[in-house]
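Protein chains: 2
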Amino acid sequence: MALPQVSIDYIDPHTYPKGIAYADNQYLDMSKAKLSILDYGFLHSDATYDVVHVWKGSFFRLDLYLDRFFSGLEKLHMSIPYSKDEVSRILHNCVALSGHKNAYVEMICTRGNSPSFSRDPRDVINRFMAFAVPFGSVSNPKLMKQGTHAAINPTVRIPPSSIDPSIKNYHWLDLIKGLYDAYSQGGETAILLDTVGNVTEGPGFNIFCVKDRTIKTPDLGILPGITRRTVFDLCNTLNITCEATTVTPAQLEDADEVFISSTAGCIMPITKINQKTIGNGSPGPLFQLLKDAFWEKHENSEWSLPINYNG
Amino acid sequence: MALPQVSIDYIDPHTYPKGIAYADNQYLDMSKAKLSILDYGFLHSDATYDVVHVWKGSFFRLDLYLDRFFSGLEKLHMSIPYSKDEVSRILHNCVALSGHKNAYVEMICTRGNSPSFSRDPRDVINRFMAFAVPFGSVSNPKLMKQGTHAAINPTVRIPPSSIDPSIKNYHWLDLIKGLYDAYSQGGETAILLDTVGNVTEGPGFNIFCVKDRTIKTPDLGILPGITRRTVFDLCNTLNITCEATTVTPAQLEDADEVFISSTAGCIMPITKINQKTIGNGSPGPLFQLLKDAFWEKHENSEWSLPINYNG
Numbered sequence: 001m002a003l004p005q006v007s008i009d010y011i012d013p014h015t016y017p018k019g020i021a022y023a024d025n026q027y028l029d030m031s032k033a034k035l036s037i038l039d040y041g042f043l044h045s046d047a048t049y050d051v052v053h054v055w056k057g058s059f060f061r062l063d064l065y066l067d068r069f070f071s072g073l074e075k076l077h078m079s080i081p082y083s084k085d086e087v088s089r090i091l092h093n094c095v096a097l098s099g100h101k102n103a104y105v106e107m108i109c110t111r112g113n114s115p116s117f118s119r120d121p122r123d124v125i126n127r128f129m130a131f132a133v134p135f136g137s138v139s140n141p142k143l144m145k146q147g148t149h150a151a152i153n154p155t156v157r158i159p160p161s162s163i164d165p166s167i168k169n170y171h172w173l174d175l176i177k178g179l180y181d182a183y184s185q186g187g188e189t190a191i192l193l194d195t196v197g198n199v200t201e202g203p204g205f206n207i208f209c210v211k212d213r214t215i216k217t218p219d220l221g222i223l224p225g226i227t228r229r230t231v232f233d234l235c236n237t238l239n240i241t242c243e244a245t246t247v248t249p250a251q252l253e254d255a256d257e258v259f260i261s262s263t264a265g266c267i268m269p270i271t272k273i274n275q276k277t278i279g280n281g282s283p284g285p286l287f288q289l290l291k292d293a294f295w296e297k298h299e300n301s302e303w304s305l306p307i308n309y310n311g
Numbered sequence: 001m002a003l004p005q006v007s008i009d010y011i012d013p014h015t016y017p018k019g020i021a022y023a024d025n026q027y028l029d030m031s032k033a034k035l036s037i038l039d040y041g042f043l044h045s046d047a048t049y050d051v052v053h054v055w056k057g058s059f060f061r062l063d064l065y066l067d068r069f070f071s072g073l074e075k076l077h078m079s080i081p082y083s084k085d086e087v088s089r090i091l092h093n094c095v096a097l098s099g100h101k102n103a104y105v106e107m108i109c110t111r112g113n114s115p116s117f118s119r120d121p122r123d124v125i126n127r128f129m130a131f132a133v134p135f136g137s138v139s140n141p142k143l144m145k146q147g148t149h150a151a152i153n154p155t156v157r158i159p160p161s162s163i164d165p166s167i168k169n170y171h172w173l174d175l176i177k178g179l180y181d182a183y184s185q186g187g188e189t190a191i192l193l194d195t196v197g198n199v200t201e202g203p204g205f206n207i208f209c210v211k212d213r214t215i216k217t218p219d220l221g222i223l224p225g226i227t228r229r230t231v232f233d234l235c236n237t238l239n240i241t242c243e244a245t246t247v248t249p250a251q252l253e254d255a256d257e258v259f260i261s262s263t264a265g266c267i268m269p270i271t272k273i274n275q276k277t278i279g280n281g282s283p284g285p286l287f288q289l290l291k292d293a294f295w296e297k298h299e300n301s302e303w304s305l306p307i308n309y310n311g
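Quick mapping for you: the protein sequence lines, in order, are chains A and B. Per this note's numbering: the first sequence = residues 1 to 311. Per this note's numbering: the second sequence = residues 1 to 311.
Take the hints with a grain of salt, since some may be wrong.
Quick list of simulated restraints, FRET-style, between CB atoms [what the hints assert, rightly or not]:
# : chain 1 : residue 1 : chain 2 : residue 2 : range
1 : B       : H77       : A       : T248      : 56 to 66 Å
2 : A       : S282      : B       : D12       : 50 to 60 Å
3 : B       : E302      : A       : S116      : 27 to 37 Å
4 : B       : D63       : A       : S282      : 51 to 61 Å
Quick caveat, the hints were computed from the structure, so don't treat them as lab data. Heads up, the beta-carbon is just placed ideally off N, CA and C, and yes, glycines get one too.
Make the full structure from the sequences, and use the hints.
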């Protein structure tokens with residue numbers, strides 16, 4: 001059989017969300033934003049990233065996301081040729097060029113690619129990328145309003161003894177397994193446990209439960225989410241007790257309210273855990289209070305940074 | 001400040017190893033082999049893969065690698081529109097078009113990309129890719145001959161309770177941390193432990209130790225490597241006892257010989273563990289015997305499949 005021809009250029013048959021990306025000093029349509037399949041950010045998931053959202057034309061708490069991203073770079077022995085201000089400018093430009101008023105904005109650093117395919121990570125030049133696409137959620141609009149059904153999964157979230165969860169990372173196969181298991185149990189999302197059976201987090205979100213007007217959220221084996229931190233900040237302002245502590249599956253099932261936090265979706269209600277309806281099955285009053293306060297804060301100039309869509 | 005221009009096409013300033021890749025029915029130069037940065041194979045490391053090597057113009061034990069790859073696809077709820085024979089043909093064509101007589105050949109399936117950026121993995125069309133680049137090693141030629149210095153690291157290899165290690169996956173941040181820690185201790189590679197302190201594996205390899213002519217290799221928390229399996233097969237032929245069992249760090253340090261196995265490098269000697277010299281500090285006799293038998297098997301038509309470089 002004759003060998004096939006090598007194509008001169010790759011013709012991409014896939015479609016992508018509308019948006020703008022940045023790589024190697026170039027701003028690109030999302031359909032052109034590509035990574036070599038030899039980049040160790042892919043082949044070893046050797047990368048860190050962060051995601052900030054833009055709402056009604058303004059970044060929300062961008063400084064905190066930049067701090068976490070730069071802290072992850074340091075922990076992974078990575079460096080990029082940009083300051084926080086320069087990254088901020090790149091993210092701004094991606095959003096402005098995309099025209100999106102509500103956007104999901106990601107900054108990424110991969111280990112990069114070695115021309116000689118060396119396995120020594122010190123031989124590789126780190127690579128920075130960023131993109132802005134329409135604001136999206138870990139859930140969907142109907143579930144975000146009415147409440148999501150979460151299934152607690154026996155899969156153990158990758159433990160801190162393996163990977164420092166404060167480095168925001170792409171290691172999601174445990175969370176993906178949790179999702180498929182949840183679907184097969186009639187759930188819409190998953191909650192994973194730690195090695196001793198306590199609650200950790202779900203695919204892209206932190207978890208909170210309310211009992212007798214006290215809020216609890218897991219303290220270990222989790223990404224310290226910026227939206228999670230915002231919940232603490234709001235609770236402080238609203239004089240609501242909120243504790244980072246051990247949370248058991250039983251505590252979740254017995255809660256008056258359960259809700260989750262994520263930059264992709266913000267604060268969202270959970271109304272069923274496994275086969276147990278939470279409260280009366282509708283989003284609860286503390287959730288509603290915090291959610292309203294959360295969106296109000298987007299109007300506050302202290303926490304928001306407007307995009308200049310005309311440059 | 002005026003907004004920057006959006007570039008029409010991405011100009012890639014990076015250089016890549018010589019080789020040929022396959023994606024979407026196209027054979028491409030390695031420099032054109034790209035993945036969207038929105039592919040969940042990257043953003044969630046939601047992918048499986050396998051690597052087979054070509055030596056002196058023939059695949060080695062390709063059928064076993066294909067079996068493992070297809071088994072991983074099933075475990076991850078992924079599917080590709082190709083049979084094993086068709087994947088085999090694609091890999092063959094990548095190697096033949098590359099002209100490489102000794103090659104590192106990878107087949108990949110990613111979850112793929114969702115046009116609406118949905119987080120539900122069931123909404124995504126899985127994506128198959130493959131590539132052939134020059135044969136490489138997890139080590140370097142000098143160390144492969146003289147022996148490598150490995151440092152045992154307290155980082156816990158991602159446990160099977162989080163991710164089934166029989167699904168070959170890209171979750172390497174624990175191994176990368178191990179490597180950086182090893183470098184800072186004067187080592188050249190790392191060995192990771194499990195949650196109870198037993199030996200697991202290193203970055204891209206399985207581990208064996210020899211004591212009184214008996215070979216032991218860890219049985220849990222490891223990728224069941226094809227080269228590892230080949231070591232068992234060769235031991236069987238050569239009448240050497242080889243056991244998959246618990247291996248402690250102390251057993252490694254006290255061994256007469258230590259060696260590692262990987263498709264990227266095959267069988268390679270370890271001559272120092274932490275600060276302890278293994279044996280007399282040179283590659284040992286059982287290692288040498290197995291290594292020679294290993295390369296001899298590449299001449300055996302039962303285990304090898306020749307590439308037809310002319311199609």
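field: Outcome for the supplied range 27 to 37 Å, where the beta carbon pair is E302(B) and S116(A)
entry: Since E302(B) and S116(A) have Cβ atoms about 34 Å apart, the given range 27 to 37 Å holds.
- request: With 51 to 61 Å as the target window, see if D63(B) and S282(A) comply at their CB atoms.
  value: holds, 56 Å
- prompt: Taking the CB of H77(B) and the CB of T248(A), does the distance hold inside 56 to 66 Å?
  reply: This hint is violated: roughly 30 Å between Cβ atoms.
task: Determine whether the Cβ-Cβ distance between S282(A) and D12(B) falls within the hinted range of 50 to 60 Å.
output: holds, 52 Å
Hint 1 alone, counting from the list given before, is not met by this structure.
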